[in-house]
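Please model the complete structure; the sequences and the hints are all you need to start from.
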Amino acid sequence: MEQRNLTLLTDLYELTMMQGYFKEKDANETVIFDAFYRANPDGNGYAICAGLEQVIEYIQNLHFDREDVEYLRSLKMFDEDFLEYLADFKFSGDIYAIPEGTVVFPREPLIKVIAPIMEAQLVETAS
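Numbering-wise (our numbering), the sequence shown opens with residue 1111 and increments by one.
FYI, nobody ran anything at the bench for these hints, they're computed from the structure.
Please note: incorrect hints may appear among the correct ones.
The list that follows gives simulated cross-link-like pairs (lysine-lysine, DSBU-like), each with its CA atoms no further than 35 Å apart [unchecked claim]:
id, residue 1, residue 2
1, Lys1200, Lys1222
2, Lys1135, Lys1200
3, Lys1135, Lys1186
4, Lys1186, Lys1222
5, Lys1186, Lys1200
6, Lys1222, Lys1133
7, Lys1133, Lys1186
8, Lys1135, Lys1222
9, Lys1133, Lys1200
Derived CB-CB ranges, DEER-like [said to hold, decoys possible]:
id, residue 1, residue 2, range
10, Arg1217, Glu1194, 39 to 49 Å
11, Glu1234, Arg1176, 18 to 28 Å
12, Glu1139, Arg1183, 41 to 51 Å
C-beta atoms are modelled at their ideal positions from N, C-alpha and C, and glycine is treated no differently.
Right, here's the structure in full:
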């Protein structure tokens, strides 16, 4: 599969939240979140888990290129020390997922992310 950097396909809100954590919280504080869906499509009784390969690809390629950091700098919304952090950003958390092809039901966790708060904040958007 072709590698793609989709890191900036996120809400600006997520990046401003990350900067807030960077400035005001322990950036290494570990958090946990679960991704789930609320209702089956078309009123069906169940769904089949699919897309795990794309989730793994996204996480493996999660980084900010020099051009990404320069773009964020041009917005004049982010402090330089935070932009330097983003330049070296790499996901270090753990992800647990339902295997591809498994029958799943609404409101049951499909993916569990355990990661430092800033990393989890960014991944949460894509989940």
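The hints, checked one at a time:
1. This hinted pair checks out: Lys1200 and Lys1222 have alpha carbons roughly 18 Å apart, not beyond 35 Å.
2. Straight-line distance between C-alpha atoms of Lys1135 and Lys1200 comes to about 19 Å, which keeps the hinted pair within the 35 Å bound.
3. Distance check on the hinted pair: Lys1135 and Lys1186 sit about 22 Å apart at the alpha-carbon level, within 35 Å; holds.
4. Between Lys1186 and Lys1222 the CA atoms are separated by roughly 34 Å; this keeps the pair inside 35 Å, and the hint holds.
5. Taking the CA atoms of Lys1186 and Lys1200, the gap is near 23 Å; set against the 35 Å cutoff, the hint holds.
6. A distance of roughly 26 Å separates the Cα atoms of Lys1222 and Lys1133; the hinted pair therefore holds under the 35 Å criterion.
7. Of the pairs offered as hints, the one joining Lys1133 and Lys1186 holds, with about 16 Å between alpha carbons and a cut-off of 35 Å not exceeded.
8. For a cut-off of 35 Å, the pair hint linking Lys1135 to Lys1222 stands: about 22 Å separates their Cα positions.
9. For the suggested pair Lys1133 and Lys1200, the alpha carbons sit about 18 Å apart, so the restraint of at most 35 Å is met.
10. Checked against the given bound of 39 to 49 Å, the beta carbons of Arg1217 and Glu1194, roughly 40 Å apart, stay inside it.
11. For Glu1234 and Arg1176, the hinted distance range of 18 to 28 Å is satisfied, since their beta carbons lie about 25 Å from each other.
12. In this structure the supplied range 41 to 51 Å is violated for Glu1139 paired with Arg1183, their Cβ-Cβ distance being about 26 Å.
Going down the numbered hints, you'll see the structure goes against just number 12.
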